[in-house]
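J.: Sequence:
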Amino acid sequence: MKFTIVVLLDKRRKPSGGWEPALPLILAAWDHSPGLVKIVRLQEHIEYASAHGVIEEVDSFLRALPESDWFHIGD
0 MKFTIVVLLD KRRKPSGGWE PALPLILAAW DHSPGLVKIV RLQEHIEYAS
50 AHGVIEEVDS FLRALPESDW FHIGD
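Heads up: the sequence shown begins at 0 in numbering that gives the first Met the number 0, then just goes up one per residue.
It should be emphasised that the hints constitute simulated quantities derived from the structure, not laboratory data. From the three backbone atoms N, C-alpha and C, an ideal C-beta is built for every residue, glycine too. Some hints could be false.
What the hints assert, rightly or not - Per label pair, the in silico range of CB-to-CB distance:
#1 K37 x G16: 30 to 38 Å
#2 P14 x A63: 30 to 38 Å
#3 R11 x E66: 15 to 23 Å
#4 I25 x P65: 27 to 35 Å
#5 G73 x P14: 35 to 43 Å
Can you make the complete structure from the sequences, with help from the hints?
T.: Set out below in structure tokens:
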């Protein structure tokens with residue numbers, strides 16, 4: 000499987016200790032996160048990309064993903 004990295008610019012550490020934008024759900028975080036959290040995180044990243052001028056790159060990346068790489072509720 001080929002992966003392309005889309006960089007979300009201007010990441011920053013929040014005073015609370017979290018990150019903006021929130022970190023991607025990978026490895027154990029993916030396995031232990033419910034579907035709604037995965038959907039909301041994707042939405043947050045898309046909105047962040049739009050606000051920071053990289054929405055075209057994110058759009059191209061997401062549209063190029065094969066159906067088998069997408070999460071479906073119930074997977």
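J.: Take the hints in turn and mark each one as holding or not.
T.: Hint-by-hint comparison with the structure:
Taken as a hint, the range 30 to 38 Å is violated for the pair K37 and G16, whose Cβ atoms sit roughly 22 Å apart. Look at P14 against A63: about 37 Å separates their beta carbons, and that is inside 30 to 38 Å. Between R11 and E66 the Cβ separation comes to about 34 Å, which falls outside the hinted range of 15 to 23 Å. A C-beta distance of roughly 19 Å is found between I25 and P65, which places it outside the suggested range of 27 to 35 Å.
Between G73 and P14, the C-beta spacing of about 38 Å keeps the proposed range 35 to 43 Å intact.
Consistency note: the structure conflicts with the earlier hints numbered 1, 3, 4.
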